[in-house]
Each structure stands twice: as structure tokens, then as C-alpha cells.
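Trainee: Sequences listed follow chains A and B, in order.
Start counting the first sequence at 1; every next residue gets the next number (my numbering).
Start counting the second sequence at 294; every next residue gets the next number (my numbering).
Just so you know, the hints here were simulated from the structure itself, not pulled from any lab data.
Source: prediction; values computed, not measured.
Hints should not be assumed to be uniformly reliable.
Unchecked claim - Which residues of chain B face chain A? A few of them, derived with a C-beta cut under 10 Å, are:
(1) I358
(2) P362
(3) Q373
(4) M381
(5) G390
(6) R392
(7) R394
(8) E395
(9) S438
(10) T445
Unchecked claim - Which bits of chain A does chain B cover? Going by a derived footprint, with three or more residues having C-beta under 8 Å, they are:
(11) 180-193
(12) 203-210
We treat Cβ as the ideally placed atom computed from N, Cα and C, and that holds for glycine.
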Amino acid sequence: MSMQETTQKSALLKRNKKFALLAPGVIWMMLFLVVPLCMMIYVSFWTQTTFSISSDLTLKSWKTFFASETYFGALIRTIRLWLIVLFLTFIIGYPAALFIGQFVRNKTTQTVLLVACVIPFWTSFLIRVLAWRPMLGKEGAINIVLQKFGLIDAPIEVLLFTELSVVIGMVQIYVVFMVGPIAFMLARIDQSLIEAARDLGASSWTIFRKIIFPLSLPGVVVGAIFVSVMVLGEFATASALSGRKVNLLGNIIVTQVGSLKWAFAAVIGVVLTAVMAVVITLLLRVVDLRKEL
Amino acid sequence: MMELEGLTKFYGETCALRGVSLTIEDDEYLTLLGPSGSGKSTLLRLIAGLEQPDSGSIRLNGEDIASLPPHRRGLGIVQQNYALFPHMTVFENVAFGLRWREENPVTEEAEITKRVDAMLDLVGLSGFENRGVGQISGGQKQRVSLARTLVTEPRVCLLDEPLGALDANLRERMTLELRRIRDTLGVTFMHVTGNEHEALGMGDRMIVLDGGAAVMIAPPEQVFDRPQTVRVAQVLNAYNILQGRVHEGRFDHAGSMLPLPPNSEGAMHYAIRFDAATIVPPDDPTALIRATFITSEFTGGGVTYFLRGPDGVFEVERHLSRADPQVYKGGQELGISWAATDALAFDSDGELIVSSNMRGAA
Chain A
1 MSMQETTQKS ALLKRNKKFA LLAPGVIWMM LFLVVPLCMM IYVSFWTQTT
51 FSISSDLTLK SWKTFFASET YFGALIRTIR LWLIVLFLTF IIGYPAALFI
101 GQFVRNKTTQ TVLLVACVIP FWTSFLIRVL AWRPMLGKEG AINIVLQKFG
151 LIDAPIEVLL FTELSVVIGM VQIYVVFMVG PIAFMLARID QSLIEAARDL
201 GASSWTIFRK IIFPLSLPGV VVGAIFVSVM VLGEFATASA LSGRKVNLLG
251 NIIVTQVGSL KWAFAAVIGV VLTAVMAVVI TLLLRVVDLR KEL
Chain B
294 MMELEGLTKF YGETCALRGV SLTIEDDEYL TLLGPSGSGK STLLRLIAGL
344 EQPDSGSIRL NGEDIASLPP HRRGLGIVQQ NYALFPHMTV FENVAFGLRW
394 REENPVTEEA EITKRVDAML DLVGLSGFEN RGVGQISGGQ KQRVSLARTL
444 VTEPRVCLLD EPLGALDANL RERMTLELRR IRDTLGVTFM HVTGNEHEAL
494 GMGDRMIVLD GGAAVMIAPP EQVFDRPQTV RVAQVLNAYN ILQGRVHEGR
544 FDHAGSMLPL PPNSEGAMHY AIRFDAATIV PPDDPTALIR ATFITSEFTG
594 GGVTYFLRGP DGVFEVERHL SRADPQVYKG GQELGISWAA TDALAFDSDG
644 ELIVSSNMRG AA
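Bound-form chain B, shown alone (with noise of 0.2 Å):
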């Protein structure tokens, strides 16, 4: 178990990260969301041992490591760019950590053999042993690194964002990849990313990071449901947020008068996710808000559906197993309408105001 306890971290004068503070259990997967820029590499940086951080603790199954050189912290962090020795085979790359660590190296070379054979083999690469890193392709470059770091059985794997670099197709796979190699090898995982379905899809518990401060950790489906906070709602790019006040028990946004949740009368924002929405003739009676047609997107499995809404690009998402994709013509004047349950209220200071029927609450 790993707890990080207020990390802070300044560049300068900038604040990186804001006293974070964490558990990371044994043998789970997480996953940590957040914007470009709102710390998530420098959180895996500072657990690694990679920079100092300015205050705050971490502790590894009760040991204070923030003091320690990385190689002492028995951890491992696979790096987006992969880093590989571009000098050794594959083999040589995956050997690096057993044969050259300060702290006990393998000596034998049978033993090498073994533990990095059975590695390759665990990431599918077994027959790659003697190619240059030059010679393979992203895919298999981003399981050399994996395998060299996971060779050296780490306690807790970082990942900074191990799939960016990858094709979507080859991306898909490497998620299902990564699950079934932690599965086997039963070692924690951090998974740092900056896309919201590898960090709902991959996680058994996720972070979302923003402005240096962890704002919210929880399950992912928690985190996509009741997101704590109108900034987690915003990061994880699934909700149309719309901004107004309350007026006579309505949410007034830019005229229109939108259904609260109960006991909401606080509410500065108001969230309704993508797949919510439904789009309806102007004058039918159950639409709530007022939009012009921009354009749509075809996504295989759905269409996305972007309207100008009285305040703002309004986003509708609709599935194509449930209904027939609509055609609408740019610049037609159309309606949207929700069920007053899916909507989320957040107070002044962005949090999200629970109310006791709200759906999925316990």
C-alpha cells in the first residue's frame, strides 16, 4: 500500500501540484485523469523519484521513500516515449534492469534468460529477442518497455500515458493487454492518462487530476455518474454544461427555465450528459431548451449531434441501436429535452449538490 500525504510541488513560481494526498491499495488498477497541464505527469515524476516535491510524504507500506533515490523505491515507471536503450536488442533492454541494478543484480545468465524469456513471452513478443529496438514497431516498442520494467518486479508500476503514442487500433488492444498482464502478474498499476474512456474503461479506481489538486477518486463509474465537482463533469467530456441560477425552483439559463433535481436551490450550474439529451421538434411541449442545428458526427456505434444552444455549443448524443440516425440541415431551428432526474446541480463552488432520489445515489 502507498500513501501520498499534501505532495506539493512548484516550478518556479508555478504550482504543479497542490497538495495531493492518495492511497494506492495493492494489486489495483488506477487510473489518473486530467487535462494537459494539470499535473498528472508530475505526480508520477515525484512518486518515481524522478523530482524532489517541495513538501508532502510518501510512504510505501509504511516506509517513507520521498527521500530515496528512484532505484531504491522499488518502483517502476514506463515512459511515454518508451525510452529504449537504442543501442541493445530487445533482449539486452528487457536484461538492463536484472543485470545492471546496484541492489542484488542477477548474475547468473541462465537466470536472465529465464525471467526475460518468460516476460517477452507475457507481453507477446517472444522471437523479438534479438531485434534492434529499431527494428519494431510502436506497439511492440511500448511492450519492451513494459516488460523491461516489469522484469524487475516493481511493487507499483507508473504509466505515463502508455497509449498515447499508439493508433486506435493498436490502442484497443494494448488495453486489453495491460489488464491481462497486471491480472497475471498482480502488481498495482498507475496508469496517468489524458483520455477519459482509457481512464473509465482501464481503472478500478480513478483520479481526476485538475489544476494540481486531486478533485475527485472513486470508481469510474461513480466518477461518470455523480461527478463531485462541475470540473471533474468538464474533464471527463461527457456532459453539456450550462450555467444560470435558481429562479422560483427552476434553473434559469439564459431564459430558458430548466427542471432541478430536488432540494437544489443553490444550483449555479447544471450538467446533463450527452447520451441524456434528446432532440425534438421546437414546439413540442417537452423540449426545454431552444438550439440551431451545426452539424453532426458519425461515430460507428452512434451519432453526435452539436446544436448552438442559447449559451454555448450544446453536444447530443444518440445510439444507434435504440434509434435511426435523424438528418437535420444546418441552421435548423430544433428542441432538446430531458428527463429532470438526469440532471446534475452544482453549487457556487462547483460542487455537486446531492439530493436524496437521485439516481444511482445510495
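Isolated chain A, as found in the complex (with noise of 0.2 Å):
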């Protein structure tokens, strides 16, 4: 090796020496995340019987899968209550967040409320899913209410155990992944932005619409890739409020695992991989979240 070879070869070293920064992260997600996630893949593959596993290679719980009304069905439902809950969170969470960011002028009072949202996390994720059972079932508080009222004769039944319920326990849980990033991209518009505009003569709706809406989406799809991520591989919420009638993808897993099926259980959890990935491309197609955060 020449002199000139080894001098370059140590520049280059030093050169990139800052990559060395990144090897314990780059190591951590290659052994816990690259390679599990690629095991995934190849166990869906895997020959199934019904007590054993064997590494043979096939298609059958690929076809099972999309074959079956159950398990494609199950898809169908955890896209659209995907959809159903991104849709609420949005509607109940940005006008909150709206009123955070925009209006409440006081830096302080905006963190107490930020923080306010966050109090129902103070308590397990069990107990919040399990307490909307006295509180939407058949003799439940929202039914005694009422009828106390007078306001219904007979308890309002699909309240509980129905896809209802499921929805009504997600967006509680949720929304606030929605309103927090939402207020924070709010409560940075310069409020300068919105005087020119009045100045400018457009009326408060045409400022939402074209300066404070515009200026906040990458909160919104921020806000829409936690919400997604989280819906789409739900199960607790799911299994404790449906009374296990409406199963999620992350439903049937849960059971597959349970009866020791992993090769389907894989098929799911790359069926599931997918939709999340491409759930999130779409997302990040709506902002460009590099050139706005």
C-alpha cells in the first residue's frame, strides 16, 4: 500500500468518524426492530398445523386470510373505524385546540390546559377503557340519566357493546394526540400574520381558512399519524367494549397468538405493517413536514 493510499484512507476515516454517533441506534433498531420485522415476513410463510410449526414455505395463511370473511372482514372494520375515529378526534380536537392556541394569549394558562388534557392518561389505559362500562351500559349512568329525565322510556341498549361504544372509548383515549399537536403549530402563528391579514381586509373566516388553517396542518397530520398508528393496532379497547363482537386486526392476533398460530398471526401483523405504512406515506404527502417543522 502506497503512502498516499493510507493517508487517504485515514482522512476518509476521520471524514465520516461522525457515523460512529449513530451505530448504538442504528444497532438497537437493526436487532429489535429490522430483524423481528423481516422474521415476521418469513414466519407468515411458515407451514401451520394445527399444534406445530415448520419452516416449509407457503402461501396458505396468505390465502386463509383473504379467503376468509372473518379475518378480511375484520380488515374492512379496522379501516373504517380507523377513518370514523381520525375523523372524530379531528372535528372534537381542533376547535380545542384552536381555542389553546389562538386564544388563550397567556403562555401559562396554554401549558395548564395542554396539561389539563393529558389528566385522563394519570390513570391506566385498563381502568379508562373499563370505567365507560357503568357509565354507557344497560343500567349504566347515561341511560339512568336519561330516564330519570323522562327523557326515554326503555335504556338505550346500543350504547354498550357495539361498534358505538367502541368509537366513543377511542376518540376519549385519543383526541388529545390530536389537540396537542394541533395547538402547538396554532400557538406559534405569529399573531402579527393575522393583523396584517384583517389589515388586508379579509374577514375572520378567510383568515382561518387561508393563513391560520394552512399554517397548522403539519400539526394536523402529526396529530393524524399518532391517532392512526394507535387505532389501527388496537385491541384492549376493542375487546373490553364490544363484548368481543367487533374484532380489530389487533383482536385477532391477540388470539392467534393465544392458540399458538404464529404463522397467521404474522400474516396479520404484516397486513397490518403495510396498512400503517401506507396510512403514514399518504399522510406525509399532504405536508411537507420537513420544510414546515
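Hints are included, so try docking the two chains, each in its own frame, into the full complex.
Mentor: Right under this line is the structure:
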């Protein structure tokens, strides 16, 4: 090796030293994310018999998934519930975020209000979900109150152990993930922009449509990603509030793993991961986050 | 014509504006000079309608506009930080007012393009239409902000420290540009600034604001030559102001007996312009006060000398077109002299004592 080559090599090493900073993270993610992910895809092609699994490759689990009404239906149901929950968290969360981010001018009050949104998280996830039962049940709080006031004669049964109760439970839990990022973006909007727009003659509605909403869009996208990822992978709310009638992809994975059907669970895992990847890609298309943040 | 009468504004206990009255003519360049905290931004925001006055009226061509929302006043404000919409291009920013204003918006795309292009041409930004506002320089942002306001044809254009964020070179160019743009459009500019050079150089008339009150409203030459109060002289940053009292026909300033302009018996403050004083040897017969040299500052066309007088720092400006720079040592004893006719005297209320033979007096 010539002298020049040696110096070139050490120069290259010096220049790329900074990448050493990435090593711990990269190793961690390789071991615990990339490798398991590849494993999951691989296992989804294994041969599953009732009590055992062998590594002979087959498409059987995949065929079962797309042919079965129960399993493919669960995919459709998951997507439908996700869309409903996403829409409702946006509709309920945006006005709250608008209030906190634009109409509360005091930074301390803003923080207090945002922290208040997180109060439900001071209890465990399971308790939060189960607390809906005495609320929504046939002899639950809502039905009792409505009956006492004579607004209804018979209890509303549709409130619990239906898709509706799952939606109510999920929206309540996840709406805060929508409020946070949107309120953050709204609070960052310089008031002078709004003054300038008003001075130029725009009405409040136009200012909202043309200035405030577009500038808050990155917050909406980040919030939507949070909500989507959590709702798509949900199983606890669905199983606790639907009486096992509403099966999402997450629920099926739990059942399949419970009965040691690894190959089939892997198929659903791959499908779920693919759905999330598509959803996130689409959401990121809406806004160029790199430019906005 | 816009008339302000007795405009007063409190923020809690503090009074930001106390009874400001003034008349703004059509087609004039008005500058508003005041130190920070003098209420100049408050006055601008009240006129623009971004804040409500506690009392007083604002009339535009006889019509009371104080209760109208900002966009119905027919005024435009160019904010200090430009306030450009970050998610829009230069063109969209300028077109915003035409396109989205509540009252008779321009709906024809061709008309919008025509007017925006003409305005961008006027401010020298042709070809920048499709740039994002993050891709242009500070001076260009300033012009976009100005164009965005002017394209809506306001009756009065309010500029809040428009040159404050620009570097010196750009500031000088924008000074000329602003005057040219205003002359072309014939719209009244009201330009708020904390910089006395800007205020003196750009305005047809200037307003000096101090402690929330308009202390002088006059053409710049008059403000500079004959500041109405001692505070105006201070804000101009061109006068040495000495304290003392009259004793046997002369002004006793910490033991130095200074010559007074005629009829100024009640003088309590005495002002002499930086460039009216000259440095002489300490034993020179014309020396009026003795001082020690501190330091000097070369300003290109001249030198400013800082000396310690009997009571505070004394500044002397020497224009190099008239004389070569002098070099003094720190701590050197010197004398300062000036002509009695150049001195201004102010009474105990800080009001200028006008004497009959004063320079520039009508």
C-alpha cells in the first residue's frame, strides 16, 4: 500500500467519524426492529398445522386470510373504525386546539390547559377503558340519567358492546393526541400575520381558511399520524367495550397468538404493518413536514 | 385628510398615549420620531385599528373611523417584522388583499395579475413572483410587505419602523426607494422610526413623540434648528444640553459663564449643537468651557469628539470637508467655544425661549 493510499484512507475515516454516533441506535433498531420485522414476514410463509409449525414455505396462511370473511372483514372493519375515529378526533380536537393555541394568549394558561388534556392518562389504560362500562351500560349512568328525566322510556342498548361504544372509547382516549400537535402549531403562528391579514381586509373566516388552517396543517398531520398508528394497532378498547363482538386486526393477532397460530398471526402482522405504512405515507403527502417544522 | 384628536391609551396603569392631536394631509410623507417607549407603535396601532383608544377620535375625510374594524378604514399598515404569509409565494402574498378582502374583492384573475405585477415592478421585484418568502432577503421581504399593502390602494400607508431590520447599506437604498414609491403613487406615508436621521431625512413633516405626547410637529429643518422643547433637542441626538441658571446676564453652568441669546432671562437649560462647537486650546480666549478629551469616533465624512465637560459628556462634530482631523490624547485638557447666536435657551418648563434675532427665526 502506498503512502498516499494510507493517508487517503485515514482521511476518509476522519471525515466519517461522525457516523459513529449513529452506531448504538442503528444496532438497537437492527436487532429489535428490522430483524424481527423480516422474521415476521418470513414466518408468515411457514406451514402451520394445528399443534405445530414448520419452516416449509407455503402461501396457505395468506390465502386463508384473504378468503375468510372473518379475517378480511376484520381488515375492512379496522379501516372503517380508524377512519371514523380519525374524523371524530379531528372534529372534536381542532376547535379545542384552536381555542388553546389562538385564543389563550397567556403561555402559562396554554400549558395548564394542555396538561389538563392529559389528566385522563394519569390512570391506567385498562381502567380508562373499563370505566366506560358503568357509564354506557344498560343500567349505566347515561341510561339512568336519561330515564330519570323521562327523555327515554327504555334504556338505549346500543350504547355498550357495539361498534359505537368502541368508537366512543377510542375517541375519548386518543383525541388528546390530536389536540397537542395542532395546539402547538397554532400557538406558533405569529399574531402579526393575523393582524396583517385583517388589515388587508380579510374576514375572520377567510383568515382561518387561508392563513390559520394552512399553517396548522403540519400539526394536523402529526396528530393524525399519532391517532392512526394507535387506532390501527388497537385491541384492548375493542375487546373491553364490544363484548368481543367487534374484532379488529389487533384482536385477531391476540387470539391467534393465544392459540399458538404463529404463521397466521404473522400474516396479520404484515398486513397491519403494510396498512400503517400506506396510511403514514399518504398523510405525509399532505404536508411537507421537513419544510414546515 | 386624517385628523386625530385627543387620542389617549392606557395599558393597565401606564399611560401609553396622552391626548395626541394632529392632522395628516393628503399626499405627504410624515415621519414620527420617538425614543423606544414613547408610544409611537401604540399611536400607529390605534390609527390602524389594531387597538382601541380609551378616548379621542380619528376622522378620515370628516368621517369618524375610530369604531371601524381595521379593514374598513382604508388604511394599510406595514409591520416591523414584515408579517409575510410563510406558506405563500411572493405573488400570492401581494395578491392576498385584492383576492380575499371582504369588500369588493377582485375576482378576475387577469386583473389581479396585472395589478400585482405592476406593484412588484414598482418595488423592483419583477421576476420574484414565484419565490417562496423564505427564499428572499430581508430587503426584499420589506418590499413584498410594502407592495402587499400598497396594492390595495390605502388612503394612508402606515409604516412601523420599516427600515429597522435592514443593514445600513440597504437602509440607505430603501430610504430613496420609499420616497420614490410614495411620489409615484401619491399616497400619504406615515413612517414611524426611532432613528433621527431617517425622520429628518425622509419626512415632509415630522412629529416628535415623547412620553406619549406629541411634543413637536413641524418640517424637519425647523425641528432640527429650533427644537420646541429641551426633550425634542434630546431626542434629536444632535445637541449638547447643559443645565444651570442665569446669573448677571450669563448662563451659569457649573461655574462656567456662558453667553446667552438675547431675552433669555429665565433660562434653565442651554443647548448647543454638536457641529456648532469647536475645540480650542484650553487657554484660548474664546474657550467657554474647559473639558478633558475622552475619545473620538471617525464617521467617514467627519469626526465626533467626546469630551468630559464640567457636568457630563460633551460632543463636538468636525466635518472633514472644512478641516483636517485633529488628534488629541486621552485625558488632554481642552477648551470648547461656540458663537452665542448658535446657542438655544429653554425655560424652566423646558420650552424654547424664542428671541428676536435668533438664526432662522421668521
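Trainee: What are the numbers of the hints the structure violates, in ascending order?
Mentor: 1
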